[in-house]
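Enquirer: What follows is the residue order along each chain.
There are 2 protein chains.
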Amino acid sequence: MASVRIREAKEGDCGNILRLIRVKAAGRKPVSQRGSVKKVGAQHLGPDGGWGGSEGWAPQAVAPGCAHTQALFLSLSVTTPMSAALRADGFGENPFYHCLVAEILPVPGEPHGPCVVGYGLYYFIYSTWTGRNVYLEDIYVKPEYRGQGIGSKIIKKVAEVALDKGCSQFRLAVLDWNKRAMDLYKALGAQDLTEAEGWHSFRFEREAMRELAGK
Amino acid sequence: MASVRIREAKEGDCGNILRLIRVKAAGRKPVSQRGSVKKVGAQHLGPDGGWGGSEGWAPQAVAPGCAHTQALFLSLSVTTPMSAALRADGFGENPFYHCLVAEILPVPGEPHGPCVVGYGLYYFIYSTWTGRNVYLEDIYVKPEYRGQGIGSKIIKKVAEVALDKGCSQFRLAVLDWNKRAMDLYKALGAQDLTEAEGWHSFRFEREAMRELAGK
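Each protein sequence line maps, in turn, to chains A and B.
Per full-length UniProt numbering, the very first residue in the first sequence carries number 1; after that it's consecutive.
Per full-length UniProt numbering, the very first residue in the second sequence carries number 1; after that it's consecutive.
Be aware that one or more of the hints could be misleading.
Which copy? The list can't say, so a pair holds if one copy fits it or any two copies do.
[To be verified] With a Cα cut of at most 25 Å, we get these calculated PhoX-like pairs of lysine-lysine:
1) K186 - K10
2) K179 - K165
3) K156 - K215
4) K156 - K10
5) K165 - K10
6) K186 - K215
7) K10 - K179
8) K186 - K157
9) K179 - K215
10) K215 - K153
11) K165 - K215
12) K157 - K10
13) K215 - K157
Derived from the structure by calculation, the hints contain no laboratory data.
The structure presented is a predicted model; accordingly, all values stated were derived computationally and were not measured.
Pulled out of the complex, with its shape left as it was, chain A reads as follows (with noise of 0.2 Å):
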């Protein structure tokens, strides 16, 4: 089994994460062929829990193997603004966002060099009651680098990042027909605050802000 290592995304890894938030998104099923609304924006993880299964959510027309994929990966273009914005979010002098990539690393002897697999997208946030905690926002591992434990690596690493910040709360949020991913996290040892406590997640959209803020 290949050697994987899980690292602070540099700022020359923009390119990499971009790709697959891309290959993500274009695994995402219409609206129109979802069996509920409940499936709708869904933003963490695949039904799959995001990297330890393939159906449903996997990306499509990406044959398995690194080089080869990162070959398909190439055709997309990666100077977009939104690749501009998450290079200037996330490395400037006040981040939105840290990142985590997940890299496979090379055999010695091989001629290429890591092949970045996978992201965990995270960022600090704070409680009246609790001070510094963590979110993670979002984790991906391509489908066919899924089954080798690398979410679980990822998930490890923000726990431990979350430790050495001084966090005491490690949040995330999850669809509720993605059992796997639930299951999992349970296993690992947290709580559903929505089940348990009766939490619901609010959002204002961008016109509802504006009527709010009057512009």
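Using the hints provided, position chain B relative to the given structure of chain A.
Expert: Just chain B now, kept in the frame of chain A:
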């Protein structure tokens, strides 16, 4: 009716903010007195929306009236490690949070200055789909100043700050028994993502984080 101003908190407001956090905490019923386990750990608003009433979670032993309440507050120490953390985490080079305060402005001729009666603590978060967003972690208005729209003013100001900062979403979380707050957020244009899409909030506590990180 007294004039209210919503403004960004300064470091010098930390004492007042901490006093309000403590008054809010003191108003929480012990777990055993609550009707349901779902009320445990409630951080967001009270059962009344945090500013819209006084039943149940109203701070105890706090008499109406700004000056009198401030006198009571003075008996609470604000030089604890928590106070130091609140200052360091919110007003350092890379702040973990931002805060709005609501203050009642004195009528011309009154001898005392403005009086802080509420706060809204927020921070910036990040989505791989929508980029910069804002999260309102905690909002509170002292019971005797509710019913004047101060909470809504704080929410509107958060939306304004978010738009100015290029955010496309404004998120928050509410407990499901807090119907008044949920109805208000919906009336203001927010969508309940847990209801509509099935999002569940998960949390690892410190011990689970240590297990994960092997520390």
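Enquirer: Each of the hints needs a verdict: does it hold here or not?
Expert: Results for each hint:
| no. | hint | in the structure |
| --- | --- | --- |
| 1 | K186 - K10 | neither (31 Å within a copy, 40 Å between copies) |
| 2 | K179 - K165 | neither (30 Å within a copy, 36 Å between copies) |
| 3 | K156 - K215 | between (42 Å within a copy, 11 Å between copies) |
| 4 | K156 - K10 | within (19 Å within a copy, 36 Å between copies) |
| 5 | K165 - K10 | both (19 Å within a copy, 24 Å between copies) |
| 6 | K186 - K215 | between (43 Å within a copy, 19 Å between copies) |
| 7 | K10 - K179 | neither (33 Å within a copy, 44 Å between copies) |
| 8 | K186 - K157 | within (17 Å within a copy, 37 Å between copies) |
| 9 | K179 - K215 | neither (41 Å within a copy, 28 Å between copies) |
| 10 | K215 - K153 | between (44 Å within a copy, 15 Å between copies) |
| 11 | K165 - K215 | between (38 Å within a copy, 14 Å between copies) |
| 12 | K157 - K10 | within (16 Å within a copy, 34 Å between copies) |
| 13 | K215 - K157 | between (41 Å within a copy, 12 Å between copies) |
The structure fails hints 1, 2, 7 and 9 (numbered hints given earlier, in ascending order).
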